[in-house]
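Use the sequences and the hints to build the structure in full.
For the record, the sequence lines run as chains A and B. Mapping the first sequence onto my numbering, position 211 (from 1) lands on 211, and the numbers just tick up by one. Mapping the second sequence onto my numbering, position 76 (from 1) lands on 76, and the numbers just tick up by one.
For the record, the hints were derived by calculation from the structure and aren't laboratory data. Wrong hints could be hidden among the right ones.
Copies of the same chain look alike in the list, so a pair counts if it fits in one copy or across any two.
Said to hold, decoys possible - With a straight-line cut-off of 25 Å between C-alpha atoms, the simulated DSS-like cross-links for lysine-lysine are: (1) 59 / 4; (2) 4 / 118; (3) 102 / 226; (4) 46 / 4; (5) 140 / 226.
Protein chains: 2
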Amino acid sequence: MQRKFQAIYDVIAREIQAAKMEAGQLLPSENELSERFETSRETVRKALQLLSQNGYIQKLQGKGSVVLEQNKLPLPVSGLTSFKELARSMSQTVETQVLALKHKLADEYMQEVLQCEKDTPVWELHRLRKLDGEAVIYDKDLLLAACAPALTEAIARDSIYDYLEQEVGLSISYARKEVVVEEAEATDTEVMDMGGYQQLVVVRSAVYLEDTTLFQFTESKHRPDKFRFVEFARRTK
Amino acid sequence: MQRKFQAIYDVIAREIQAAKMEAGQLLPSENELSERFETSRETVRKALQLLSQNGYIQKLQGKGSVVLEQNKLPLPVSGLTSFKELARSMSQTVETQVLALKHKLADEYMQEVLQCEKDTPVWELHRLRKLDGEAVIYDKDLLLAACAPALTEAIARDSIYDYLEQEVGLSISYARKEVVVEEAEATDTEVMDMGGYQQLVVVRSAVYLEDTTLFQFTESKHRPDKFRFVEFARRTK
DNA sequence: AAGCATAACTTGTATATACAAGTTATGCAA
DNA sequence: TTGCATAACTTGTATATACAAGTTATGCTT
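So this is what it looks like as structure tokens:
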């Protein structure tokens, strides 16, 4: 048996997104749902917990599960959404330009950020993201070559995550991110359309696989006026 | 019985933070833990799930739960951490100056951001945050007065959340946040030490109670060089 | 010695039961 | 009519059991 609670989550999440369930309404009770999906109450509860975590519902003891209003502008930098998904909901025309894709051996900087041995084979990937013709995002990736043997420019232009998860069979699991504002460097201003700005929003992230190996380090620089980060956060008591 | 799994979570989280458990090590198995804490395996699993969500451990089917490396610099804007907690780990000297605390009736702008009726009583609160003597954060809060009857300057200087949760008995539950970079306005440059910057990082957040009522809207403006946002994010498949 | 099946672990999922705790509507009593 | 106890719902927590699925070490077979 594989993930009945996941299937229930998908069904209800889809219904909420399709606005079949209006915001403010109560979901059917856990007992009713367990009958409808022909499963136990605990399995339904697992699905509801996921929905709650992702901001679809709010559970109220004694009352039920309230459907929350969905963000009109779902701009997800949160979670681990990739640029491909991000771009889709953001802009009219999107273009990715691969500036560099090189196989290298880890120098000191790469060693540190990827926490690997010296001379470990890595991919160095530089990409320029154009929204509506303007080069406003500059991504620099470092990836463990061992995890991504046959990386090509075509893949880098499309989606690395799709390739890794579907072709290579890797499971990306979690990431640590940092968002800061920094002065633009000469190399940035050479390739980006700066639009008069001197600073850039820099998102640095370390991405880990299921087995906790750090396999990717990304530095993503955004022109300030094109940067937006939205988040749904639950209070941890 | 109240939250045995929470107690187990607290114990293990504390152990990891105190570095009694080293990063990379395996936790005792779920069966061992359930014996140690004299409880069932399911209860242990709930505690481990929380630990996993919050970035303390990574679960590996067939192997066990690996302790993850804790962030050396745990700068939490993520979640719903309040400024008071944030400041503690960030800077040497921290000072909050209350610029304004007024009881008002909702105008059109307040109506919209708080999603309330016209003329609903609200608190308008302006605070200036000084780190090491520099005024680098400017917070503007709007709160439903019905939820915070006796707000005072002293409370605003200390912690509103402590007051609301401990005195009034409210339960803050979740929030939607947005982070963008905007041009500083005249009112900003008047009160803040801009340090030559023209832009500000603006964090807007809508905070909700357990019963899903929106009760607070905050606009927090940060001088770019003093802003940092870190996050632990799990991939949702 | 090398390779492979297997046993003995680990976590993941699904089920059933019991009771606690919070909400709401019912209906009786004053 | 008003007020209050209560019954009938809701979700929250804890327990026990069973089996699936992944990992690792053991030991036998070749």
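Evaluation of the provided hints:
no., hint, verdict
1, 59 / 4, "both (20 Å within a copy, 20 Å between copies)"
2, 4 / 118, "neither (45 Å within a copy, 46 Å between copies)"
3, 102 / 226, "neither (28 Å within a copy, 35 Å between copies)"
4, 46 / 4, "both (10 Å within a copy, 19 Å between copies)"
5, 140 / 226, "both (18 Å within a copy, 24 Å between copies)"
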